[in-house]
Each structure stands twice: as C-alpha cells, then as structure tokens.
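Taken in sequence, the protein lines are chains A and B. Note that our numbering has the first sequence beginning at 1, numbered continuously upward. Note that our numbering has the second sequence beginning at 1, numbered continuously upward.
Hints may contain errors.
Said to hold, decoys possible - Capping the alpha-carbon separation at 27 Å, the derived lysine-lysine pairs in DSS-like fashion look like this:
(1) K130/B - K103/A
(2) K2/B - K130/A
(3) K46/B - K46/A
(4) K111/B - K46/A
(5) K46/B - K130/A
(6) K46/B - K19/A
(7) K19/B - K19/A
(8) K28/B - K2/B
(9) K111/B - K2/B
To be verified - Just some of the chain A residues that point at chain B, by a computed CB distance under 7 Å:
(10) G11
(11) G12
(12) L13
(13) E16
(14) T25
(15) L69
(16) T72
(17) E87
(18) V88
(19) V89
(20) P95
(21) S118
(22) I126
(23) D127
Quick caveat, the hints were computed from the structure, so don't treat them as lab data. Yeah, the Cβ is synthetic: ideal placement off N, Cα and C, and Gly gets one too.
2 protein chains.
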Amino acid sequence: MKPRILIFSHGGLAEELLKVAYDITGKKSGVEALGVYRCQSAESVKSRFSETVERLVREGSLLVLTDMLGGTPSNITMRNLVSGRMEVVSGVNLPMLIVALQKKDTVSDVKELASVVSRAGRRSCIDCRKEMGV
Amino acid sequence: MKPRILIFSHGGLAEELLKVAYDITGKKSGVEALGVYRCQSAESVKSRFSETVERLVREGSLLVLTDMLGGTPSNITMRNLVSGRMEVVSGVNLPMLIVALQKKDTVSDVKELASVVSRAGRRSCIDCRKEMGV
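So here's chain A without its partners, still in its complex pose:
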C-alpha cells in the first residue's frame, strides 16, 4: 500500500500549503490537512488527530508532516506514534510537500519517504544570493 500523508499544523497553515501544492502539481488527493486552532480544547484537538490517524493508518502506513518540532501539532504527533507504520517529518514547507506528493506513489516504504522529503525540505532552504552567486 502507498503511504498516506497528513499535514498537521498550527491554524490554517496545513490547509493553505495543501491548496497551493495541489494547485502547482495538479494532484487532488492522497494528502489530508489538519490544523490546531486556539479556540479548540486540547481534548478536541487530540481526538480529531487520533480519529484521522486511525483512519489513515488502517489503510497502510502514514507520514505526518508537522510545521515545527516543539509546537503543539508536533508534540501531539510524537506522543501518539503508531509503531512501525508512522513516520514524522517536521518543518514542512512547499518544496517538501511537493516532493511528498510526487514521490508517495512510487516510494512505498514510509521510512524511505520520510528520509526523501526531509532531505528535500533541507535542500530547499537556500540563501539565494550567497549560494547561487547572484
């Protein structure tokens, strides 16, 4: 089974990232977005996350892309890992998400997918004038 992907962020960031990535790649499915909003109780956030993860993991493996290590979405994810079938990559940005969308249908091992997308994220953070000699 192909890995499923969940973006989990503060506020509407996950949803906006997904909207832009779908728009750029022309893809329309295979990724879900979930946000933590101030108005929600901790209990409701946790239960929405657990329901989503249970549903997605049931279908195979799951890669969770969180916005920031140490933030609430990342903390909830790390405290609720489903052993052996769930990987987590922090620091999601647009290039990382686009690579995840492009690779999820060909890289079936979720550990390998996590490694590929985290590397793509790191490589995309470029100090342009310095590194490109402009």
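Given the coordinates of chain A, assemble chain B onto it according to the supplied hints.
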C-alpha cells in the same frame, strides 16, 4: 536600520505563515506578506511586488523569504534584486520565519540575517523518528 522582512508566496501561504508566527511569538509587526494568485495578471503581481519592495528598501535593507526556488514569487524576486540591500531566502517554513522574527531586531546586517534564517530552515526539516531515535 533593522532589516525589513517580506514573505512572498503562492496564494495565501505567506499570509497564513505570518498569522501563525505572530500568534506564536506575540510579535505584531516588522514583516509583510504578499501572495501571487491565479486571478491576477503578471503585470499586476509584478507591480504590487515592486511597490512593496521600493517602500521597504527605502527604509533600509530587506530580506525576502520566498516559498520555493523556481516558483513565480521566487522568480519575480530574483529578477528584481535591489543591489546590496536585498537578500533572498527560499523554502520559507514556520521555524525559519520565527527565527527571522526573533533575530531581525538584533542582526542588523541583512546578509548575516539571510544566512541565519536559511540555516534555521534547514535545521528544522527533521526526519523525527530516525534523527531523534524514537
């Protein structure tokens, strides 16, 4: 003069990133967000960008954080560099933006700020289970 910061992205990504980063840090100013939407003409996007950059650069130096190298916001930025007073970092994510917000009042050299925030972005893209041994 302290460097000014502009986030320039596809769609509402820049705005959503800024909303979340302000919410987390408690800061409320010093950064602007600009988006490229499909409904806008290339001319109108370019002129909004130029007006914003001119206004911000007039006050000192400017760091532009773009969502993705090779994307429209990044291409527009790289074609309209203001020599010596403007740096560009691609791959903006939440940790990068938070570091930019935290450092912009103490790191007055825009080249140094670009170097610091690009490094923060790269370090934040973590394959959590592998790199943290969870």
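Hints and how they fare:
Note on K130/B and K103/A: the hinted pairing holds, with a Cα-Cα distance of about 19 Å set against a maximum of 27 Å. Between K2/B and K130/A, the direct Cα distance comes to roughly 20 Å. Compliance with the 27 Å bound is thereby established for this hinted pair. Distance restraint check for K46/B and K46/A: the Cα-Cα separation of roughly 43 Å exceeds the 27 Å cut-off, and the hinted pair is therefore not satisfied. Under the criterion of a C-alpha separation no larger than 27 Å, the hint pairing K111/B with K46/A is inconsistent with the structure, at around 41 Å.
The straight-line distance between the Cα atoms of K46/B and K130/A is roughly 24 Å, inside the 27 Å bound, and the hint therefore holds. Restraint check for K46/B and K19/A: satisfied, since their Cα atoms lie roughly 22 Å apart, inside the 27 Å limit. For the given pair, K19/B sits about 17 Å from K19/A by alpha-carbon distance, which is consistent with the 27 Å threshold. With a CA separation close to 16 Å, the supplied pair K28/B and K2/B stays within the 27 Å bound.
As the CA atoms of K111/B and K2/B are separated by approximately 12 Å, the hinted pair is consistent with the 27 Å bound. A hinted interface residue such as G11/A counts as satisfied when its beta carbon comes closer than 7 Å to some beta carbon of chain B; here the least separation is about 5 Å, so the hint holds. Against a cut-off of 7 Å between C-beta atoms, the interface hint on G12/A holds, since the closest Cβ of chain B lies about 5 Å away. A least Cβ separation of about 5 Å between L13/A and chain B falls short of the 7 Å threshold, and the interface hint therefore holds.
A least Cβ separation of about 4 Å between E16/A and chain B falls short of the 7 Å threshold, and the interface hint therefore holds. Annotation: interface hint on T25/A violated; nearest CB of chain B at approximately 12 Å, more than 7 Å. Interface hint at L69/A: satisfied, since its Cβ lies 6 Å from the closest Cβ of chain B, which is below the 7 Å cut-off. Here the hint on T72/A is broken, as its CB sits about 10 Å from the closest CB of chain B, past 7 Å.
For the restraint placing E87/A at the interface with chain B, the shortest Cβ-Cβ distance is roughly 6 Å, inside the 7 Å limit, so the hint holds. The closest approach between the C-beta of V88/A and any C-beta of chain B is roughly 4 Å, which is under the 7 Å cut-off, so the hint is satisfied. With its C-beta approaching chain B no nearer than about 6 Å, V89/A sits inside the 7 Å limit, and its interface hint holds. Interface hint status for P95/A: upheld, as the beta-carbon distance to the closest one in chain B is roughly 5 Å, under 7 Å.
A distance limit of 7 Å between C-beta atoms decides the matter here; for S118/A the minimum to chain B is near 4 Å, and the interface restraint holds. Hint status for I126/A relative to chain B: holds, with the closest Cβ pair at about 5 Å, below 7 Å. Taken as an interface hint, D127/A checks out: its beta carbon lies about 4 Å from the nearest beta carbon of chain B, inside 7 Å.
Hint compliance for this structure: hints 3, 4, 14 and 16 are broken, all remaining hints hold.
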